[in-house]
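There are 2 protein chains.
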Amino acid sequence: MTIKLHCFGESGNSYKAALALELSGLEWESVFVDFFGGAARSPDYRAKNVMGEAPMLEDGDFRLTQSGAIQQWITDQTGRFGGSVEDKYEVLRWVLWDNHKLSSPAGMTRFLMNFLPEDKRPADVIAFTQGRLKAAYQTLDTHLAGRDWIVGDDLTNADLSCCGYLFYPEPFGFDRKDWANIDRWLSNLEQTPGWKHPYDLMPGNPSDRA
Amino acid sequence: MTIKLHCFGESGNSYKAALALELSGLEWESVFVDFFGGAARSPDYRAKNVMGEAPMLEDGDFRLTQSGAIQQWITDQTGRFGGSVEDKYEVLRWVLWDNHKLSSPAGMTRFLMNFLPEDKRPADVIAFTQGRLKAAYQTLDTHLAGRDWIVGDDLTNADLSCCGYLFYPEPFGFDRKDWANIDRWLSNLEQTPGWKHPYDLMPGNPSDRA
Chain A
1 MTIKLHCFGE SGNSYKAALA LELSGLEWES VFVDFFGGAA RSPDYRAKNV
51 MGEAPMLEDG DFRLTQSGAI QQWITDQTGR FGGSVEDKYE VLRWVLWDNH
101 KLSSPAGMTR FLMNFLPEDK RPADVIAFTQ GRLKAAYQTL DTHLAGRDWI
151 VGDDLTNADL SCCGYLFYPE PFGFDRKDWA NIDRWLSNLE QTPGWKHPYD
201 LMPGNPSDRA
Chain B
1 MTIKLHCFGE SGNSYKAALA LELSGLEWES VFVDFFGGAA RSPDYRAKNV
51 MGEAPMLEDG DFRLTQSGAI QQWITDQTGR FGGSVEDKYE VLRWVLWDNH
101 KLSSPAGMTR FLMNFLPEDK RPADVIAFTQ GRLKAAYQTL DTHLAGRDWI
151 VGDDLTNADL SCCGYLFYPE PFGFDRKDWA NIDRWLSNLE QTPGWKHPYD
201 LMPGNPSDRA
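These protein sequences, in sequence, are chains A and B.
Note that full-length UniProt numbering numbers the first sequence so that position 204 is 204, with each residue one more than the last.
Note that full-length UniProt numbering numbers the second sequence so that position 73 is 73, with each residue one more than the last.
Mixed in with the good hints, there may be bad ones.
If chains are identical, the list can't say which one is meant, so a pair holds when it fits in one copy or spans any two.
Keeping only pairs whose Cα atoms sit at most 30 Å apart, straight-line, the calculated DSS-like set for lysine-lysine is [what the hints assert, rightly or not]:
#1 48 - 134
#2 177 - 4
#3 177 - 48
#4 177 - 196
Just so you know, the hints here were simulated from the structure itself, not pulled from any lab data.
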C-alpha cells in the first residue's frame, strides 16, 4: 500500500515530511488538506490527529504526525538522513531547535504577513517575531560557516527540518542574500538530485485562492 | 565523572532536562547559568553552544543541548522514559509538539510578562501568544481525557517535556484549575517519587533578583 501524506503546499512543516519522503525513494502520494478551508479543524481530522495539524502520514493502519517524527520514521524505514551513529544527538538537537526557534516563528510570521486579510495583520506581533527570527537566522548562519550541511558531511533530517520555510517566495522577513552561509547551504539542497520546491511537491498554493 | 547540567531555575527547558536526570537515578549536578546577567550570550558560552541556550549537558568530553535531545540521551543511558517500543514515535511527536506549540510560546510569554521591566512588556504580543497557548492547552487537555500519562501507561519524555513550564508560579495565562485533565496529570507528576519543583531542583529564582 502506498504511503499517504496529508499535506498542503503552503505548509513548510508538511514540506519537511514531503521532501524527506521524496528524496528517500519511498513510494508515496499526497492527499490535499484544505487547511485554509478549515479541514484541519474538522471533527473528522481532529479524531485522527488531536493536534489538528498537517502533515499527517498514513501507511496502512499506521498513522503519524509532527514532521520531525515522520522524518525519524522515514530514517528507520530507509536508513537515510539520520547521519552517522555518533551524530544521532546532533541531528535531533537541530530538529528540535528548528521546531522551537526557526520553523515555528517563521511559519507563523509568514501566515500573518501573507495569508491573513490585510486589515487583520498584527504589526506589533509581526515585528516582534521577525526580531526573534533574525536571531535564529544568525545562529544558523554562524553554524553553517565552513559547512556544507548542518551535521556531518551529508544531508540529514537537520537540513530537511531547518529548510522547511526557507524556499517560499512569500515575504516574512527572510532574504537569503542577507545570510551568505544559509544561502550557500540552501543551494546545496536545491542541487540535491530529486529536490523539489514546495509548490512543485505538494498540492495547493496561494494562486489557488487568488 | 558526575554529569553536569548547565541550567537556571527560571528555565522550563532546563527543568525538562533536570527533572529527567533527577528521576532517572543518574548522578548529576547543576552548574548555574546566569542567564539574566547575559551568561548564555557570552562568547565562551556561544563557543560551546552556538544556540546560546540553556540547558547544556556535559558528561566528560560529551556535550549536548536542547532538552529533548538530552532527554533522549538519558533514555539511552538508563532505559527510562522512552515508553514502549511501539510508542517510540508517539513520545517523539509529543516532545516535538511541546517544543513547537507549548513550551516555546509559554516560556516566551512568561518571560515577557514577568522578567521584562513593566514598561517594556508588549501587550499586543502577550495577548497574541496567550491566544495560541490557549489552543495548545485545549489540545493537551483533550488528549489527557481518560489518560494518566500522555503516552502509554507510564511517565515518558512526552510528560517530562510538556510539563516544562506548567509548575511555575509566575503568571503567563495558564491556570491549571481551568484544565481539569491537565491538572490531574500534573498531580500525577507531582506524586511521582523524587519529583521536585523547578525552584527546588535548579539554582536561581526570581527572588535572587528582587
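To see whether the hints hold, each was checked on the structure:
1. For the identical chains of this complex, residue 48 and residue 134 are inter-copy neighbours only, at 21 Å across copies versus 35 Å inside a copy, given an alpha-carbon limit of 30 Å.
2. Taking the shortest Cα distances, residue 177 and residue 4 never come within 30 Å of each other, neither inside one copy (35 Å) nor across copies (40 Å).
3. In this homomeric assembly, residue 177 and residue 48 come within 30 Å of each other (Cα to Cα) only across copies, at 28 Å, whereas the closest approach inside a single copy is 41 Å.
4. When the C-alpha separation of residue 177 and residue 196 is checked against a cutoff of 30 Å, the pair qualifies only within one copy, where the shortest distance is 20 Å, while the shortest distance between copies is 47 Å.
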